[in-house]
Every structure is written in structure tokens, then in C-alpha cells.
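K.L.:
Sequences and hints are given; from them, build the entire structure.
Sequences listed follow chains A and B, in order. Going by our numbering, the first sequence runs without a break in its numbering and finishes at 418. Going by our numbering, the second sequence runs without a break in its numbering and finishes at 418.
Just so you know, the hints here were simulated from the structure itself, not pulled from any lab data. Bear in mind that the values here come from a model prediction, so they are computed numbers and not experimental data. Take the hints with a grain of salt, since some may be wrong.
Any copy, or any two copies together, can satisfy a pair, since identical chains are not distinguished.
[Claimed, not checked] DSS-like mimics (lysine-lysine), calculated; alpha carbons at most 30 Å apart, straight line:
1) 125 - 142
2) 40 - 329
3) 123 - 140
Number of protein chains: 2
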Amino acid sequence: MSLIVAKFGGSSVADIERVKTIAQRIKRMQDEGNNMVIVVSAMGDTTDELIELARATGGELSGREMDMLLATGEQQSAALLAMTLNNAGCDAISLTGWQAGIVSDSTYRKAKISDIDTNRIQTELDKGKIVIIAGFQGITPGGDITTLGRGGSDTSAVAIAVGIKADRCQIYSDVDGVFTADPRMVSDARKLQFISYEEMLEMAILGAMIMQPRAVECAMLNNMDVEVLNSFNDNPGTIITEERNMEQDRVVSGVAHDLNCAKIAIFDVPDQPGIARTLFKALAENGINVDMVIQSAMRNNHNDIAFTIGRDELTKALPVVEELVKKIGASDYSYGDNVAKVSIIGAGMQSNPGVAADMFEALADEEINIDMISTSEIRVSCIINEDQTQKAVIALHKKFDLDRS
Amino acid sequence: MSLIVAKFGGSSVADIERVKTIAQRIKRMQDEGNNMVIVVSAMGDTTDELIELARATGGELSGREMDMLLATGEQQSAALLAMTLNNAGCDAISLTGWQAGIVSDSTYRKAKISDIDTNRIQTELDKGKIVIIAGFQGITPGGDITTLGRGGSDTSAVAIAVGIKADRCQIYSDVDGVFTADPRMVSDARKLQFISYEEMLEMAILGAMIMQPRAVECAMLNNMDVEVLNSFNDNPGTIITEERNMEQDRVVSGVAHDLNCAKIAIFDVPDQPGIARTLFKALAENGINVDMVIQSAMRNNHNDIAFTIGRDELTKALPVVEELVKKIGASDYSYGDNVAKVSIIGAGMQSNPGVAADMFEALADEEINIDMISTSEIRVSCIINEDQTQKAVIALHKKFDLDRS
Numbered sequence: 014m015s016l017i018v019a020k021f022g023g024s025s026v027a028d029i030e031r032v033k034t035i036a037q038r039i040k041r042m043q044d045e046g047n048n049m050v051i052v053v054s055a056m057g058d059t060t061d062e063l064i065e066l067a068r069a070t071g072g073e074l075s076g077r078e079m080d081m082l083l084a085t086g087e088q089q090s091a092a093l094l095a096m097t098l099n100n101a102g103c104d105a106i107s108l109t110g111w112q113a114g115i116v117s118d119s120t121y122r123k124a125k126i127s128d129i130d131t132n133r134i135q136t137e138l139d140k141g142k143i144v145i146i147a148g149f150q151g152i153t154p155g156g157d158i159t160t161l162g163r164g165g166s167d168t169s170a171v172a173i174a175v176g177i178k179a180d181r182c183q184i185y186s187d188v189d190g191v192f193t194a195d196p197r198m199v200s201d202a203r204k205l206q207f208i209s210y211e212e213m214l215e216m217a218i219l220g221a222m223i224m225q226p227r228a229v230e231c232a233m234l235n236n237m238d239v240e241v242l243n244s245f246n247d248n249p250g251t252i253i254t255e256e257r258n259m260e261q262d263r264v265v266s267g268v269a270h271d272l273n274c275a276k277i278a279i280f281d282v283p284d285q286p287g288i289a290r291t292l293f294k295a296l297a298e299n300g301i302n303v304d305m306v307i308q309s310a311m312r313n314n315h316n317d318i319a320f321t322i323g324r325d326e327l328t329k330a331l332p333v334v335e336e337l338v339k340k341i342g343a344s345d346y347s348y349g350d351n352v353a354k355v356s357i358i359g360a361g362m363q364s365n366p367g368v369a370a371d372m373f374e375a376l377a378d379e380e381i382n383i384d385m386i387s388t389s390e391i392r393v394s395c396i397i398n399e400d401q402t403q404k405a406v407i408a409l410h411k412k413f414d415l416d417r418s
Numbered sequence: 014m015s016l017i018v019a020k021f022g023g024s025s026v027a028d029i030e031r032v033k034t035i036a037q038r039i040k041r042m043q044d045e046g047n048n049m050v051i052v053v054s055a056m057g058d059t060t061d062e063l064i065e066l067a068r069a070t071g072g073e074l075s076g077r078e079m080d081m082l083l084a085t086g087e088q089q090s091a092a093l094l095a096m097t098l099n100n101a102g103c104d105a106i107s108l109t110g111w112q113a114g115i116v117s118d119s120t121y122r123k124a125k126i127s128d129i130d131t132n133r134i135q136t137e138l139d140k141g142k143i144v145i146i147a148g149f150q151g152i153t154p155g156g157d158i159t160t161l162g163r164g165g166s167d168t169s170a171v172a173i174a175v176g177i178k179a180d181r182c183q184i185y186s187d188v189d190g191v192f193t194a195d196p197r198m199v200s201d202a203r204k205l206q207f208i209s210y211e212e213m214l215e216m217a218i219l220g221a222m223i224m225q226p227r228a229v230e231c232a233m234l235n236n237m238d239v240e241v242l243n244s245f246n247d248n249p250g251t252i253i254t255e256e257r258n259m260e261q262d263r264v265v266s267g268v269a270h271d272l273n274c275a276k277i278a279i280f281d282v283p284d285q286p287g288i289a290r291t292l293f294k295a296l297a298e299n300g301i302n303v304d305m306v307i308q309s310a311m312r313n314n315h316n317d318i319a320f321t322i323g324r325d326e327l328t329k330a331l332p333v334v335e336e337l338v339k340k341i342g343a344s345d346y347s348y349g350d351n352v353a354k355v356s357i358i359g360a361g362m363q364s365n366p367g368v369a370a371d372m373f374e375a376l377a378d379e380e381i382n383i384d385m386i387s388t389s390e391i392r393v394s395c396i397i398n399e400d401q402t403q404k405a406v407i408a409l410h411k412k413f414d415l416d417r418s
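P.N.:
What follows is the structure, encoded as C-alpha cells:
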């Protein structure tokens, strides 16, 4: 008999039929003797429809009022799931974020959970009820409704699991778990049984499709194991946990790739203190996130500086760069949006030197030219030509034996 | 500078365009130097759509979960109106029922307001904000969301007006006010400048289309004047107030009619103690409301008993009556659904004997046969043949000089 917190995303509650499907799954879990706390997102595209209504009012949208509006989506799906469970003979009760005691700061649209008062949840659990909680929302100490921003429901689930000391925290989406590579790109990609918090975070996009980084950080911070599962089948999922809980024979856990990648190079940047700062500050002020940066060896007091950004931010970045080139007295700049980033991720790297070398070798064997390189303790990333992405991912997947369990 | 509570019903916030229209009206009221508290219903048929979703879950619907679901409708319209006002340059904030401190009992679907903690409302007013409150909802002392049942938003508005000691309470709908008769039936029906709480209640359907009886009772109980207005024009409305505030020369204030009327007669009912009780208890137990009752003079220890019910309840009532006739040993029964009720309402009646006689005379002059009669201190109602309804209403309207201001 264990206490389980399970989160079901928007696709799992897209319509009443799907709500009935997950209700059956929840019923089964209860029948197996578990105490259940369920966190739900809003049904399908409810949130988008509400945002559209808000836009129709015209003008600026107050964060507080937006949260007041958007929070209704999860409240609705929570109530509907509770009804469905009641109709299935399960004693269930729905709670809003504030009823569940989820206290947050007052940064509307992307509030951070500051505290959870678990009294009400505990009281209902003690009555033997299945507790359905509206995810994605909280309440300020002043009594105003907030929403937690993208992936907020994942964070709600983890925070609640930590708060009530749950035995298990499950995140249900429409994928089976975390794979060694994108199965659409690598036919023999395997689902991982375990992955460390750090690896999950380094998986970036590949991982974020499954669970929001903020939620992973919250789990890591509180040392809460999280199981990612598919709400449409009974396959075992992937458990996100501490590194030491994992099989350690693995050096590389997965190969990730990111096509949302563009490269900008600035030539003959005068080598003066603070130039780099000027450059990246200007980009940051325009809300452009710089990923990788390399500075070439100096030639007569001038450098070439190259960096990558999200491809979708290129049009926003170019005018800024244009102006900067003049301002800092560089000779010229170039850009390319036909690049991609391939990464190998593995907690095992820390204790295994030479992994990067193996990566470069694997790419060289395929005659894939490496444009830029960045590394972290458990990740090595290379910028390559976009056309060679699949070839690179397959080669790396093979090189590090990810096709073999 | 006065403090005004104004309630706008579903038709006034049916879509964003209408929300913008009433926002302009609210802005104008504020520009005139008033402090505004606005109570809103859910947009158009939001509530019906939510009920449909709930029905789709199948089975019985938990009152608590239904209220959890339905309360989101008003929360949405409140937030959207606040945004619209903000965009129009007015500082507005939306509050849910619980944020506005509206405490109720826990009879879900038709909860009664037990208390209002006006702290939050007052705080926001003191900041110079327009306070938008989600109507139709409250919160139990235990922290569960409730809804107040049909016309709940009217009751919210009156209760809040009383709670914050508002100078004026306005109910906006899509009619200009209370008329001396249904204008669709009497061409020269006049809009009343004043009507007493008691008269408004006796107006039954005619009045209920404009303001729910529960809300009228709440206003009467707390002696709060209520102004009913049309949200789509600037015509002066009707003020519902204490009798003594009104011009007293008026004997009859209005003529009401009700076509949702059916008559059932039971013949040769043995004159035994408790027979009537048995009869009406059985009907009540089947949720059938009996309106008028007459018992004919006794013939050899047997009576005829006739009564009226809502026409829409006839099919539900007949089997009950069928069985009762056997049970109590009556000879037979008959029914008719081609009857109507016409009433004259007027607080002045109390001090003017002979009003009923004038009514009967007016009907007699038109050769309208009176089937049943019932009276209250300020109302006389007659059951007549449905086909003669309009003729009767016009005659009574004329008889009591209602066409003349």
C-alpha cells in the first residue's frame, strides 16, 4: 500500500472519453491498494481558447487577470475527473490549487511554488478519497490566484509529492519514457529504465517534451524519484532518479539532437576588455539566448567570435548584430541556419576520460565536420551541418553501444 | 460620489463585444464619480455547456463537483471584464466568490449566503479600483466552492450591496424594468417607476424574468432599494423599494398572467379528517407544487376538491392523482390544461376594500367566466379559460387605470 502522486497532461484529458480512460487506470491503481493523489492539466486546448478570449479584449493583458482566467481550465478538468471517478464507484474529490494549499510567489504567469500546506489533501486522503488537484496553479499569501508557467502541472505534481512524502511520483504523457535517442531518427533506440536528474536536464528538448526542466530541478532538489509513463498503454516507463541509484556501467545514456539552431560569426573583433560583454549583453537585453560561444585565436589584436542561438530567434538577432558590428568596430559578420546540435549525455562521463575523443572519432569516421564544440561535466555537444544530423546521431548511438541493453 | 453595486446577467456578457459595451457603461459611471462594484454571471451559455460536459461523464452528478465546475463560468467572465476595463484605462480587479468573502452554507447547487466578509472588497475599493465579483458562487466555512442556484447572481449582488452598505444596487438585464402588464399583451402597458418588494414577489413570473424572488426577499429583508435597468439602453428603470417610499394613490400596480397553469378536480371526496393532507402530501412528495385550491360546499359528506399546478407538471401529477382517487375513495377526477391565471397586484389593496369586486366585475363585463379564485393581502388571482387571457389582462389593465400615469 503506497501513496502515489500521478500527473496527467492535457492530451490525457483532451475529452470526456479520455477522462474515462484514465479514470479506469486510476481506479485500477486504487484497487491495487494505493492511495492516489492526481494532478491534472486543462482539457486539450482549453487554455489556448481562453487566451484567445483574453486577446479579444484587446490591449495589454494583466498577469493577475490572465491567471484568474486560465486557472479555470484545470479547475474544470479536475471537477470532471472527480465526477467520472465517482460515477465509476470511486470516492473522489477535486481541489483547486488554493484548496490544496499550494502557495506561490506573485510573479503571475510563471509563479514559483513557495510552500505547500498539505492539511486539506491529507484530510481527504484519510477519508479514503482519491484527491484530484488542479495543476498549474497556486495562490499568493495575499489570496490571489497564480499560474506556474509552462509545464506548471509537472512542477505541481513533484512539489505535492514532496509535500505529502509520496512513495511514488508519476508523470503520464503520450510517450513511453526517455529513449537513448529520438526513435524517429534511430530505429534501434532503446527506452531507458533509469536516467539521472542531471542527464534528464541535459537532454534538453528531448527530455523537455516529456517533463519540464523546472519540475526535474524540483525533483532533484528534493531527491524525489519521478516515473515518466504513457497514459495510453501499460508499458514500464523511465525512472528519473539520483545517479547513484542507477546501473553505473553506462558511460553515455543518450544521444540528443536539436535542429532549432542557428550560428552567427562576427569577424575581426578588436581585442579590448568588455567587448564580449557588450556583445552578449545586447543580445540578452533583446531576449535572445546564446547557447554555444567560441572565440578564435587572436590575429593582430583581433578575434573572430562565433555563437549559436535558437533558429527561431535569428530574425530578431540579426539587426542587433548588424548594429553591434558597427559599434564595436568589427569588420563583418555572417550567419547560417543550416546547422544542428548533436549531444551525448551520460553521468558516467565524469569518471571516464576520452569520451569526447570517442565522439569526435565517430563523427570523423562518418566524415562529419565539427563546427563548434561545448561540453559540460556530463554532456558533449557539437555543432554540425544540419543535413548530417541523422547520420551523426546513428553513428554516436552505435559508437557508445546504446543499441545494446 | 456614491457606492454602486451593479449586476450584469449572462446576456449582458454573452460575448466579448457585449463585455466591451458594458465596460464603457461602467467606465462612464466611474467617471461620474461613483465607486463601482460589479457582479457578473457567466458568459451566454457557458453554464449550459459545462452542464453538458458533466452529463457526459454519466451517472449521478455530485453537487460539490458540479459547483466546482460551474463556478468557473463566472470566474472567467469576471476576469475578462476586468481585463476589458483595464484596457479601457480603468483600474479594475476581479474576485471570485471566496476572494470576495461570500460565505454560504453547503447545500450545493442552491447554497444560501450566510455571511459576507467585505475586507477584500473594501481594500480594493480603497485603492480606487473597480471591483468585479464572480456572481452565483460562495464558499463554505470548510473552504468548498458552492453555487447559489437559479438567479444566484442577483442574490450575490443584493447581499454584497447590503454587506458593503452600498448607496445603490442595480440589476441590469435585457428589459427596461417592471411594467403594469406584459407589453407584448397590453399595448399601453406602462413601466413602473417604483414597485414594492411585496408586489415584486407577487408579480411571480412577470417579475421573476427580471429579478429572482430570492434576491427580492434578500433586499426586502435588508431594506435595500434595488433598481432594475436595461443594460442595452439608458432608459430609467424601476426601483424596487419599501411600500412607504412609493406614491400611495395607486391601488393596483400591475396585472400579471401565467399560462403555465393546469387544473385538476377530484370528485366526491369523502369528508374525513386528513384527507386533504393525504392528497397534497402525496403531490408534494412527488415534487409537484400546488398553487390554488378550492373545496366545494359539502354534499352528503362528500366534497369536490379542485387545485391548480404548473402545466409542465401535469404528466407527472396525473398518475399520482389516479392512485389517490382509488386510495381515498373518491368517485372520479378530471383535468384541464387550457386554463390561465390572471392576477392584479397592488400594495394599495390593503387599504382599499372592494378591489376584488371590481376585478370580478371587469371580467364579467367581458363575459369571462371565473373558475377559481385566490387572494393574498396585495393580490387577487383568478383562473380563467386560456383563450380569454389577453382579453382579461387588457380589461383589468383598463379597469384599474394602469394605462394612465
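K.L.:
Work down the list of hints and note, for each, if the structure agrees.
P.N.:
The hints, checked one at a time:
no.: 1; hint: 125 - 142; verdict: both (28 Å within a copy, 27 Å between copies)
no.: 2; hint: 40 - 329; verdict: neither (50 Å within a copy, 38 Å between copies)
no.: 3; hint: 123 - 140; verdict: between (33 Å within a copy, 25 Å between copies)
Hint compliance for this structure: hint 2 is the single one not met.
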